[in-house]
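**Student:** Each chain, letter by letter, is given below.
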Amino acid sequence: MYPGSTFDDILREAHWRKMGSSEGQQTFCLKWNHHKANLVEILEALIKVETYVDCTLVVDDQVTFKAHRVVLAANSPYFQSILADVPMDHCSILFPGVKDFEMRALLEYMYTGEVNVTQAHIPRIMKVAEELEVKGLFDMSELRRRPGGSERTPAASPPRVVPAAPSSVSPPVSAPAPTCRWPPPPTAPVLSAAYESPDMNPLKRKKLSSMLATRDTPILRNVLAQTSPVESPQPMSLVCHPVNQHAPPRLHSNGSAHESDRPPSPQRAFEYRPRRLSSRATSPHYNRSDRSEDAHSPYTERSFEEENSRTFHSSPPPASFQQDVRAGLAPYVPPQQKPEWKRYKQYTRSDIMSAIECVRNGMSALQASRKYGVPSRTLYDKVKKLGITTSRPMSRGVKREPNGAAFPYGLSGTGGNEEGTPTTPLIDPSFLQQALEGATRDGGREALHAMALAAAAHAALAPRTPPRSAPQSPRTPPPDEDHVEDLSVSRRRDADPPAGVIVPPRNFALDCSSERD
Amino acid sequence: MGDQQFFLKWNDFQTNMVTSFRHLRDEKSFTDVTLACEGQTCKAHKMVLSACSPYFKSLLEENPSKHPIIILKDVSYLHLQAILEFMYAGEVNVSQEQLPTFLKTAARLKVKGLAEPPPQMPSIKREG
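Just so you know, the sequences run in chain order R and D. When we follow the UniProt record's numbering, the leftmost residue of the first sequence carries the number 1, and every step to the right adds one. When we follow the UniProt record's numbering, the leftmost residue of the second sequence carries the number 1, and every step to the right adds one.
Each hint should be verified, as a subset may be incorrect.
Below are the DSS-like pairs computed for lysine-lysine, each with C-alpha atoms no more than 27 angstroms apart in a straight line [unchecked claim]: (1) D:K110 <-> R:K371; (2) R:K66 <-> D:K104; (3) D:K57 <-> R:K385; (4) D:K28 <-> R:K127; (5) D:K43 <-> R:K127; (6) R:K99 <-> D:K28; (7) D:K57 <-> R:K66; (8) D:K43 <-> R:K48; (9) D:K28 <-> D:K43; (10) D:K110 <-> R:K384; (11) R:K385 <-> D:K73; (12) R:K66 <-> D:K66; (13) R:K66 <-> D:K112; (14) D:K73 <-> R:K66; (15) R:K99 <-> D:K104; (16) R:K48 <-> D:K66; (17) R:K99 <-> D:K57; (18) R:K48 <-> R:K127.
No lab work stands behind these hints: they were computed from the structure.
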């Protein structure tokens with residue numbers, strides 16, 4: 001599936017990840033980008049032929065499954081504790097009352113990160129998953145109930161995180177596929193570029209490794225949640241990743257949406273850590289800000305993939321969503337909501353046709369994609385191919401935010417209440433200049449946004465000059481939004497892995513979720 | 001001639017067995033089965049389980065394994081512990097509010113003396 005790392009990959013990695021550059025002793029980080037994917041695939045292959053299996057799971061009717069304890073333990077703190085207790089060559093685990101289809105589904109899930117099940121089976125499978133604490137599937141209430149629950153959250157992710165951490169630091173060009181494939185929201189790369197400091201990593205690592213022993217699962221849970229309609233799909237976690245790690249929260253708050261519904265200061269202090277460590281805390285937060293922003297903020301633009309994910313489930317967020325977020329817990333798939341187990345192509349051809357039609361008639365790609373449940377990126381691409389001029393969600397965002405809060409990009413000195421009048425043709429020093437002006441004038445977030453954006457823009461453009469300016473938009477001169485959009489596009493291209501997959505395959509989902517913290 | 005048999009009887013045999021088993025359980029010595037529910041586990045002896053419950057007996061017979069792990073569904077850990085206590089000691093204290101569900105669980109696990117149909121109803125004494 002993954003051709004493996006090319007020598008080139010390695011070289012690039014090595015080049016970028018030079019560490020300890022003090023004279024003489026230079027160490028290089030040799031990194032195989034597909035290592036995790038490879039590992040996962042091997043496990044999957046091994047289980048298929050039942051090689052190296054070391055435990056037998058017995059369910060009702062004497063149906064037996066062979067499995068690797070290490071996989072069970074990796075996927076479930078419950079198994080981890082049980083199996084740690086029982087060191088044996090080969091152990092049997094009996095599950096009276098569990099049906100074979102349930103166990104089969106869970107095993108497949110544990111080995112591949114996904115499984116197709118019929119809707120009728122879902123409640124039962126989820127129930128078993130809950131009992132077995134299968135990461136990503138068992139109910140959050142479990143965590144809440146336990147006193148240590150809140151601490152467990154951060155703990156959960158670390159193992160996966162450790163390897164991932166460095167990758168986010170690497171420059172965009174060489175960033176490993178999982179991180180980059182993800183079109184990071186403009187802010188994210190920016191921030192990571194602007195704020196990332198090498199010293200962050202050791203810290204992160206330390207934290208993470210210290211948590212290796214602890215149990216939890218939020219990440220996978222999120223992954224699941226993502227595949228389910230309730231919350232953001234896969235990409236989300238990926239998108240979030242850079243932000244979680246590097247973006248101080250203030251940078252992407254417009255001062256409105258999430259600011260207000262988060263408890264102000266106490267959490268503030270900790271914000272950084274929980275968000276980084278706990279996917280549960282981060283991703284929902286992120287989602288939420290997306291949600292709140294997409295109505296009125298330019299960030300809406302930042303990632304088509306995010307958009308994608310959102311459109312997979314058109315259902316509104318559960319009412320409890322905010323509470324969940326506040327609690328730092330990922331929204332659990334409510335049983336009554338029909339979970340969407342498949343990530344790919346949830347729309348029909350007629351959906352996309354209608355969406356295209358709408359765009360042709362002047363609707364923004366984003367709106368249309370939302371309306372018809374078509375991944376916006378797909379729609380966007382198609383529309384682009386057809387040469388249709390889209391009305392940019394960007395301008396929409398600006399329009400809706402007449403108070404200038406939408407100014408973050410520093411594009412318009414007026415605070416952006418005039419539907420994004422083009423003032424800056426391209427991302428260039430003048431852009432930065434404006435950003436700086438914004439900084440002095442607004443002295444606040446907007447300015448930071450702007451600067452971050454500018455930095456991101458540069459980062460995005462650096463590898464490939466000249467910047468493509470609005471290839472998809474015939475409008476001349478292209479409005480600013482276009483530039484922003486283009487930036488994110490080009491950035492995305494940089495980021496796209498060789499495979500060219502948009503929705504990360506399951507392995508990547510795992511990878512990326514792990515990388516988030 | 002000389003073939004006289006002597007009847008040796010240890011009067012405290014049963015008491016001793018009970019206390020010994022209990023002791024072994026407390027020490028987790030020679031435990032050879034792990035029972036798990038609600039995310040928690042406890043260890044026990046196959047022999048005791050088999051002796052006290054046809055359910056466990058058949059389960060363990062069907063799955064010969066050195067140290068099986070039995071993951072019980074829909075059993076509260078509290079009840080599981082109480083049931084084990086009952087199996088090992090022959091008596092256990094259960095609060096009144098827990099009693100119905102406890103008995104239900106016991107019935108599901110076919111614990112002798114607690115399950116239906118009871119060979120003889122265990123005497124339920126009120127304490128405290």
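**Student:** Each hint should be assessed against the structure and marked as holding or not.
**Tutor:** Here is what the structure says about each hint:
no., hint, in the structure
1, D:K110 <-> R:K371, "56 angstroms, violated"
2, R:K66 <-> D:K104, "32 angstroms, violated"
3, D:K57 <-> R:K385, "68 angstroms, violated"
4, D:K28 <-> R:K127, "30 angstroms, violated"
5, D:K43 <-> R:K127, "24 angstroms, holds"
6, R:K99 <-> D:K28, "31 angstroms, violated"
7, D:K57 <-> R:K66, "23 angstroms, holds"
8, D:K43 <-> R:K48, "32 angstroms, violated"
9, D:K28 <-> D:K43, "7 angstroms, holds"
10, D:K110 <-> R:K384, "68 angstroms, violated"
11, R:K385 <-> D:K73, "55 angstroms, violated"
12, R:K66 <-> D:K66, "16 angstroms, holds"
13, R:K66 <-> D:K112, "33 angstroms, violated"
14, D:K73 <-> R:K66, "20 angstroms, holds"
15, R:K99 <-> D:K104, "21 angstroms, holds"
16, R:K48 <-> D:K66, "25 angstroms, holds"
17, R:K99 <-> D:K57, "20 angstroms, holds"
18, R:K48 <-> R:K127, "25 angstroms, holds"
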